[in-house]
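Chemist: Can you build the whole structure from these sequences, using the hints too?
So the protein lines, in turn, are chains A and B.
Here our numbering is used: the first residue of the first sequence is -5, the next is one more, and so on.
Here our numbering is used: the first residue of the second sequence is 15, the next is one more, and so on.
Rather than coming from a laboratory, the hints here were simulated on the basis of the structure.
Bear in mind that the values here come from a model prediction, so they are computed numbers and not experimental data.
Hints should not be assumed to be uniformly reliable.
Covered stretches of chain A, as calculated for chain B (at least 3 residues, CB under 8 Å) [claimed, not checked]:
1. 8 to 22
2. 32 to 46
3. 103 to 111
By construction, the Cβ of each residue, glycine as well, lies at the ideal position given by its N, Cα and C atoms.
Chain residues, written in single-letter form:
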Amino acid sequence: DAGVIQSPRHEVTEMGQEVTLRCKPISGHNSLFWYRQTMMRGLELLIYFNNNVPIDDSGMPEDRFSAKMPNASFSTLKIQPSEPRDSAVYFCASSRIFRGSTNTEAFFGQGTRLTVV
Amino acid sequence: AQSVAQPEDQVNVAEGNPLTVKCTYSVSGNPYLFWYVQYPNRGLQFLLKYITGDNLVKGSYGFEAEFNKSQTSFHLKKPSALVSDSALYFCAVRLRIYNQGGKLIFGQGTELSVKP
Chain A
-5 DAGVIQSPRH
5 EVTEMGQEVT
15 LRCKPISGHN
25 SLFWYRQTMM
35 RGLELLIYFN
45 NNVPIDDSGM
55 PEDRFSAKMP
65 NASFSTLKIQ
75 PSEPRDSAVY
85 FCASSRIFRG
95 STNTEAFFGQ
105 GTRLTVV
Chain B
15 AQSVAQPEDQ
25 VNVAEGNPLT
35 VKCTYSVSGN
45 PYLFWYVQYP
55 NRGLQFLLKY
65 ITGDNLVKGS
75 YGFEAEFNKS
85 QTSFHLKKPS
95 ALVSDSALYF
105 CAVRLRIYNQ
115 GGKLIFGQGT
125 ELSVKP
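Modeler: What follows is the structure in structure tokens.
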């Protein structure tokens, strides 16, 4: 398996523009996480899905952020409109919940480095 | 609130010496515990996990971690550090499905620097 695939790897956009980050989880994984990493705040959990259903989005900073998982092999994180303070590395991770147990590790993508100017 | 604490932003160790990276947690129930490592410009890589049983867990690259339920700690250790171990280390807890559907929470990370 190719692992968790994120695109793009780098994104530079102007303030006010819409940004869409994409994630393809590992095949067979049914749990997906979106994280944001910055020097100031470390690794923050934004939202996570189980079986394509959002379970907890309490980490989403504002209404400007939205995430979807239309099927088991694709998820998006959208920022509209973007602001300079959204500049960070965004990671997607996936894992498998097997027989209701969450003792499995998550696998991370390479991340998307977002710069909003 | 559920949280994971890594009290040291940075740990400095001489090559060949033992290393310890500390982690404590505050969550309800009995979570599963993990350690990850991040090299520059890369995603996080899984090192080891504690599920149940023996309190000493062995993982990749010679790392091990000791679980202490009474102290709610899960410290990462290695008997002899290598320069190549220099990286950012994250402790994480994953809640059980009946609590929060498997929420995976990370500490703020500890920068490990191993000098020759």
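Chemist: Each hint needs a verdict: does it hold in this structure or not?
Modeler: Against the structure, the hints come out as follows:
no., hint, result
1, 8 to 22, "violated (count 0)"
2, 32 to 46, "holds (count 5)"
3, 103 to 111, "holds (count 3)"
Violated hint: 1 only; the structure is consistent with all others.
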